[in-house]
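*Asks:* Residue numbers (the numbering used here), protein chains in the order written: chain V, 6 to 131; chain C, 4 to 536.
By construction, these hints were calculated from the structure, which means they are not laboratory data.
Wrong hints could be hidden among the right ones.
Stated by the list, open to error - In silico SDA-like cross-links for lysine to any residue, where the CA-CA straight-line distance does not exceed 20 Å:
(1) V:K23 with C:P315
(2) V:K114 with C:T322
(3) C:K395 with C:E328
(4) V:K98 with C:E328
(5) V:K16 with C:V307
(6) V:K24 with C:M325
(7) V:K114 with C:L327
As the list claims (entries may be wrong) - One side of the interface only, derived from the structure: several residues of chain V facing chain C at Cβ under 8 Å:
(8) E15
(9) M17
(10) V18
(11) L21
(12) I59
(13) N87
(14) S88
(15) Q90
(16) V92
(17) K108
(18) D112
(19) P113
As the list claims (entries may be wrong) - Pair ranges (Cβ atoms, derived):
(20) V:E67 with C:E298: 20 to 26 Å
(21) C:K336 with V:E32: 29 to 35 Å
(22) C:K336 with V:K16: 25 to 31 Å
(23) C:E258 with V:L27: 51 to 57 Å
(24) V:E32 with C:G494: 46 to 52 Å
(25) C:E258 with V:N118: 22 to 28 Å
Computed from a prediction, not measured in an experiment: that's the story for all the values here.
We treat Cβ as the ideally placed atom computed from N, Cα and C, and that holds for glycine.
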Amino acid sequence: MKKVLIIEDEKMVRNLMKKKLLERGYEVEIAENGKIGVEKIKEFGPDLILLDIIMPEMNGFEVLRAMEEEGLSEIPVIIISNSGQPVEIDKVKEFGVEDWIIKTDFDPKEVINKVISEIGEPKNNN
Amino acid sequence: MNNREKENNQYRKFESLSSYNEELSSVFPIPYCRVNFLGRIYEVNKAFLELSGYDNFECIGTEIQDMFLEKKEMEDLVEKIKTGEEKKKKDLTFLTKNEDPIPVKAWGVKLEKEGQLKGIVFAFTEDWEKRKIKREMKAKLEEKTEKLQEKARQMEDSRSALLNILEDVDQSYKRAERERMKTAAIIENYIDGMFFFSSDNSLNIVNPKAEEFFDIKSRDVKGRTLSDLVTFPTLKPLIKLITDDGKKIKDIFKEELQLGKEIYLEVSTTNIKEGEESLGTLVHVHDISREKRIERIKSEFVSVAAHQLRTPLSGIKWTLGMFLEESSEKKEKLDEEEKYLIEKAYESNERMVSLVNDLLNVSRIEEGRYVYEPQKTDILEVVKPIAEEYEKIIKKKDNLEFKFNKVKEEFPKVEIDTEKIGIVIQNFLDNAIKYTNEGEIILTVSMPDEENIRVSVQDSGVGIPEEQQGRLFDKFFRAENVAAKDVRGSGLGLFISKNIVEAHGGEIDFESTEGEGSIFYFTLPLERRKNED
Numbered sequence: 006m007k008k009v010l011i012i013e014d015e016k017m018v019r020n021l022m023k024k025k026l027l028e029r030g031y032e033v034e035i036a037e038n039g040k041i042g043v044e045k046i047k048e049f050g051p052d053l054i055l056l057d058i059i060m061p062e063m064n065g066f067e068v069l070r071a072m073e074e075e076g077l078s079e080i081p082v083i084i085i086s087n088s089g090q091p092v093e094i095d096k097v098k099e100f101g102v103e104d105w106i107i108k109t110d111f112d113p114k115e116v117i118n119k120v121i122s123e124i125g126e127p128k129n130n131n
Numbered sequence: 004m005n006n007r008e009k010e011n012n013q014y015r016k017f018e019s020l021s022s023y024n025e026e027l028s029s030v031f032p033i034p035y036c037r038v039n040f041l042g043r044i045y046e047v048n049k050a051f052l053e054l055s056g057y058d059n060f061e062c063i064g065t066e067i068q069d070m071f072l073e074k075k076e077m078e079d080l081v082e083k084i085k086t087g088e089e090k091k092k093k094d095l096t097f098l099t100k101n102e103d104p105i106p107v108k109a110w111g112v113k114l115e116k117e118g119q120l121k122g123i124v125f126a127f128t129e130d131w132e133k134r135k136i137k138r139e140m141k142a143k144l145e146e147k148t149e150k151l152q153e154k155a156r157q158m159e160d161s162r163s164a165l166l167n168i169l170e171d172v173d174q175s176y177k178r179a180e181r182e183r184m185k186t187a188a189i190i191e192n193y194i195d196g197m198f199f200f201s202s203d204n205s206l207n208i209v210n211p212k213a214e215e216f217f218d219i220k221s222r223d224v225k226g227r228t229l230s231d232l233v234t235f236p237t238l239k240p241l242i243k244l245i246t247d248d249g250k251k252i253k254d255i256f257k258e259e260l261q262l263g264k265e266i267y268l269e270v271s272t273t274n275i276k277e278g279e280e281s282l283g284t285l286v287h288v289h290d291i292s293r294e295k296r297i298e299r300i301k302s303e304f305v306s307v308a309a310h311q312l313r314t315p316l317s318g319i320k321w322t323l324g325m326f327l328e329e330s331s332e333k334k335e336k337l338d339e340e341e342k343y344l345i346e347k348a349y350e351s352n353e354r355m356v357s358l359v360n361d362l363l364n365v366s367r368i369e370e371g372r373y374v375y376e377p378q379k380t381d382i383l384e385v386v387k388p389i390a391e392e393y394e395k396i397i398k399k400k401d402n403l404e405f406k407f408n409k410v411k412e413e414f415p416k417v418e419i420d421t422e423k424i425g426i427v428i429q430n431f432l433d434n435a436i437k438y439t440n441e442g443e444i445i446l447t448v449s450m451p452d453e454e455n456i457r458v459s460v461q462d463s464g465v466g467i468p469e470e471q472q473g474r475l476f477d478k479f480f481r482a483e484n485v486a487a488k489d490v491r492g493s494g495l496g497l498f499i500s501k502n503i504v505e506a507h508g509g510e511i512d513f514e515s516t517e518g519e520g521s522i523f524y525f526t527l528p529l530e531r532r533k534n535e536d
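Generate coordinates for the entire structure from the input sequences, incorporating the hints supplied.
*Replies:* Listed below in structure tokens is the structure:
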């Protein structure tokens, strides 16, 4: 079973995404800030991370830096953020992250499609 | 007559002879004089006095030779006449009282009485020939003197003219020096950094601000060439920026150079020419750290604002979206009215989302950071999905038809940022739908010539009043005929579209007649012109 970790401070988005991904058949963990997020990455070992940028305690950039320091950069990341300045997009590209989803421009369904195109269907182990 | 009478008569005769003689001598035009046997003058005539300039008393008793330039010769002449050896003429030079030399011929005759020497009579005739020559010589001399004096005057004039010139030169020099000092003071105190490289690429001028920016001392770097300067660690980044190979300075304009963490400089080079000749290159360094800081703060602000504005909107969007989706997929159906209201709320929220997106885009355009990622693309790949999406939307409206008209099946690829060009086409179509109640909307892709691709959207809508057409691409501008009615719009769409098209090196324009409709179009060049970025 493919595992997805959602690191997002906004409860509604977090829960909605969780609901959608569970319905689709993924195993899902959530974290409400970056700090908890980094711990969950280590515990849970996700196949994909949906990562918000602007969060309390530890923001998305700091999470990416921590992952790099812990040698966890191999895990694919999709940024889901309502910010999205060109400088910010450039910044995450430095960590090898290419996908940046602006929440207002996407439906949850489209996010699911992104997840599938990134790691495949939940039961497909390739 | 008796003897006494005879004697008296004779005496009278004698007397009258003497006075006759005297009269005669006084009118005799040739100067003459008598000298005694010692050579002393004892009688002169009037002509002699006139010639000599002496008076009678001065003459009498004077030795004759003293009146001549050639004294010795005159003395000899007197002796020779006395001894009878010579009695005729001799060329001599008479000296007047004024010491004026007059060439004369002296004629001497010995006077004897009863075999005894009584004296000599000298007559003098002027040597006219010689005198003439002398006079001419004198005249010539005077003429020459005059000329020389003229020359001297001229030289004096030239000398004073020269002095004047020298004075002018001196003044100009002082003026130039003052100007130089002024220029030097300007460079010294200029708020930006300045380097001036001579045409041989050696550093000629460094001002204090440049010293400060690069932590160098003018005395250490002045006169050094580019290849020397690159060895200064603080100067290395600058030299690298302004040269290709470290040897020759290239033309750059407002290139950014980051020095420390917070220090940003803007560097420009200017080739300084005098006529055709290059004097060297000015490197101008402007501190933009403050602008950079403000830019960063603004960017952070926009980022937070975007986040703050979008977060509630995304919450609404996703929630309403979920309701609508579940109602169509699952059993718990919403009734018609509920569904209608949720759809309307969803649409309103979408408009809010696009308004926020527009505002963010405008803010990026104004920062000059509306980043484009151009890729060689088939324009139909961009247009087709949009055409399909809008066909569905337009079909839902009564009395309105949509046509997608591609002039060719295949177009040459064009370098575009597909997302941004998509925004322009959507803007055109959104406007057409908003302002057209009935008729048709035609989307056309064509090639007006070999070098350009054109996309146009034609509608049969309200049109734009002629007097307002000039302002249509201004930010926040909305035409009166639509602003008055309750048709929603931010007035930003066309402003953004214009920026996008122009950033691609293309052109955007429209034609419109109020009450009949409008056609909006843009063209994109297949080959970007070089100086456009």
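*Asks:* Would you mind marking each hint as holding or not holding in the structure?
*Replies:* Hints, verified against the model:
1. Proximity of V:K23 to C:P315 is assessed by CA-CA distance (about 18 Å); at most 20 Å being required, the pair is judged to hold.
2. Straight-line distance between C-alpha atoms of V:K114 and C:T322 comes to about 12 Å, which keeps the hinted pair within the 20 Å bound.
3. Distance check on the hinted pair: C:K395 and C:E328 sit about 18 Å apart at the alpha-carbon level, within 20 Å; holds.
4. In summary, the hint linking V:K98 to C:E328 is not supported, as the alpha carbons are separated by about 33 Å, beyond the 20 Å threshold.
5. The hinted pair formed by V:K16 and C:V307 meets the criterion: a straight-line CA distance of about 19 Å does not exceed 20 Å.
6. Of the pairs offered as hints, the one joining V:K24 and C:M325 holds, with about 11 Å between alpha carbons and a cut-off of 20 Å not exceeded.
7. Between V:K114 and C:L327, the direct Cα distance comes to roughly 12 Å. Compliance with the 20 Å bound is thereby established for this hinted pair.
8. The criterion of a C-beta within 8 Å of any C-beta in chain C is met by V:E15, whose closest approach is roughly 6 Å, and the hint holds.
9. A least Cβ separation of about 5 Å between V:M17 and chain C falls short of the 8 Å threshold, and the interface hint therefore holds.
10. Taking 8 Å as the C-beta contact cut-off toward chain C, the hint placing V:V18 at the interface holds, the least distance being around 6 Å.
11. For V:L21, the shortest C-beta to C-beta distance to chain C is roughly 5 Å, which falls under 8 Å, so the interface hint holds.
12. Restraint check, V:I59 versus chain C: the minimum CB separation of about 5 Å is within 8 Å; hint holds.
13. The closest approach between the C-beta of V:N87 and any C-beta of chain C is roughly 3 Å, which is under the 8 Å cut-off, so the hint is satisfied.
14. Interface restraint check for V:S88: the shortest CB-CB distance to chain C comes to about 4 Å, inside 8 Å, so the restraint holds.
15. The interface hint given for V:Q90 is met, as the beta carbon of that residue sits about 5 Å from the closest beta carbon of chain C, less than 8 Å.
16. A hinted interface residue such as V:V92 counts as satisfied when its beta carbon comes closer than 8 Å to some beta carbon of chain C; here the least separation is about 6 Å, so the hint holds.
17. Taken as an interface hint, V:K108 checks out: its beta carbon lies about 4 Å from the nearest beta carbon of chain C, inside 8 Å.
18. Interface hint status for V:D112: upheld, as the beta-carbon distance to the closest one in chain C is roughly 5 Å, under 8 Å.
19. Interface restraint check: V:P113 against chain C, minimum CB-CB distance 6 Å, threshold 8 Å, status holds.
20. Remark: the range hint 20 to 26 Å for V:E67 to C:E298 is upheld by a beta-carbon distance near 23 Å.
21. Between C:K336 and V:E32 the CB atoms are about 31 Å apart, so this pair conforms to the stated range of 29 to 35 Å.
22. Evaluation of the 25 to 31 Å hint for C:K336 and V:K16 yields a pass: the beta carbon distance comes to about 28 Å.
23. Separation of C:E258 from V:L27 is about 53 Å and conforms to the stated range, judged on CB atoms against 51 to 57 Å.
24. For the pair V:E32 and C:G494, the supplied restraint of 46 to 52 Å holds, since their beta-carbon distance comes to about 48 Å.
25. Between C:E258 and V:N118, the C-beta spacing of about 42 Å breaks the proposed range 22 to 28 Å.
Consistency note: the structure conflicts with the earlier hints numbered 4 and 25.
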